[in-house]
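Chains A and B supply the protein sequences, listed in that same order.
Sequence positions in the first sequence follow my numbering and run 1 to 110.
Sequence positions in the second sequence follow my numbering and run 1 to 113.
Hints may contain errors.
Claimed, not checked - Once the Cα atoms are required to be at most 30 Å apart in a straight line, the calculated DSS-like pairs of lysine-lysine come out as:
(1) A:Lys73 to B:Lys99
(2) B:Lys53 to B:Lys70
(3) A:Lys9 to A:Lys73
(4) A:Lys65 to B:Lys53
As the list claims (entries may be wrong) - Here are the simulated distance ranges between beta carbons:
(5) B:Thr13 to A:Ile56: 21 to 27 Å
(6) B:Pro39 to A:Lys73: 23 to 29 Å
(7) B:Glu14 to A:Gly16: 32 to 38 Å
Simulated from the structure, these hints should not be mistaken for laboratory data.
Built from N, CA and C at the ideal position, the CB exists for glycine as well.
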Amino acid sequence: AQRVTQPEKLLSVFKGAPVELKCNYSYSGSPELFWYVQYSRQRLQLLLRHISRESIKGFTADLNKGETSFHLKKPFAQEEDSAMYYCALKDSQGAQKLVFGQGTRLTINP
Amino acid sequence: DAGITQSPRHKVTETGTPVTLRCHQTENHRYMYWYRQDPGHGLRLIHYSYGVKDTDKGEVSDGYSVSRSKTEDFLLTLESATSSQTSVYFCAISLQGLKAEAFFGQGTRLTVV
Chain A
1 AQRVTQPEKL LSVFKGAPVE LKCNYSYSGS PELFWYVQYS RQRLQLLLRH
51 ISRESIKGFT ADLNKGETSF HLKKPFAQEE DSAMYYCALK DSQGAQKLVF
101 GQGTRLTINP
Chain B
1 DAGITQSPRH KVTETGTPVT LRCHQTENHR YMYWYRQDPG HGLRLIHYSY
51 GVKDTDKGEV SDGYSVSRSK TEDFLLTLES ATSSQTSVYF CAISLQGLKA
101 EAFFGQGTRL TVV
């Protein structure tokens, strides 16, 4: 069964400090992993996907299959990064089931 | 916004009554999902659909049923609402393909009293 774990419910860092949001997964196949973000009073939206190896708003995430992790990182946090972050895994089988972790609420202090 | 709307946006209902939430899309996306969002639990998958009349259970499907009789609508029904089903419910849609992102509705806040 596919499962996504985000061990930190809350994370608070100061502006300008590095940020790392942890995500671990369990999945028997080849996973497709995403990070979604929910800003206050906005819809959940895609932040980045591992297949694209992209950097969005200064965030990056590397898939580590050995450690089954997909941690989200940013070298210098900004106040507008305060939001709820969700790691998600999509089933590579036909039905493409999409499951999310418990979420991490990130607060950037001035 | 990706052409996905949920209705109603807010609802208060009594324990034991049936409730149906609607997710409507104008994007012709094949995949549709229903989630509930609760503090400490994040987003949990209730049911999902991979085509008209093709649905499957998610992690927390007990007490919920779904129907998808046409591409654009995915209905979530609480057969007999309980207080534990008080939550914010989100619908999402996605194109076919592993890389395809999911687009989310605005959410429905349901309170069962």
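Hint check:
Restraint check for Lys73 (chain A) and Lys99 (chain B): the C-alpha separation of about 21 Å stays at or below 30 Å, so the hint holds. For the suggested pair Lys53 (chain B) and Lys70 (chain B), the alpha carbons sit about 8 Å apart, so the restraint of at most 30 Å is met. Of the pairs offered as hints, the one joining Lys9 (chain A) and Lys73 (chain A) holds, with about 16 Å between alpha carbons and a cut-off of 30 Å not exceeded. Among the hinted pairs, Lys65 (chain A) with Lys53 (chain B) is inconsistent with the structure: their alpha-carbon atoms are about 35 Å apart, more than 30 Å.
At about 39 Å, the beta-carbon gap between Thr13 (chain B) and Ile56 (chain A) misses the expected band of 21 to 27 Å. The hinted window of 23 to 29 Å between Pro39 (chain B) and Lys73 (chain A) holds, with their beta carbons roughly 25 Å apart. Checking the proposed 32 to 38 Å range against Glu14 (chain B) and Gly16 (chain A) shows it is violated: the Cβ atoms sit about 51 Å from each other.
Checked against the numbered hints above, the structure breaks hints 4, 5 and 7 and satisfies the rest.
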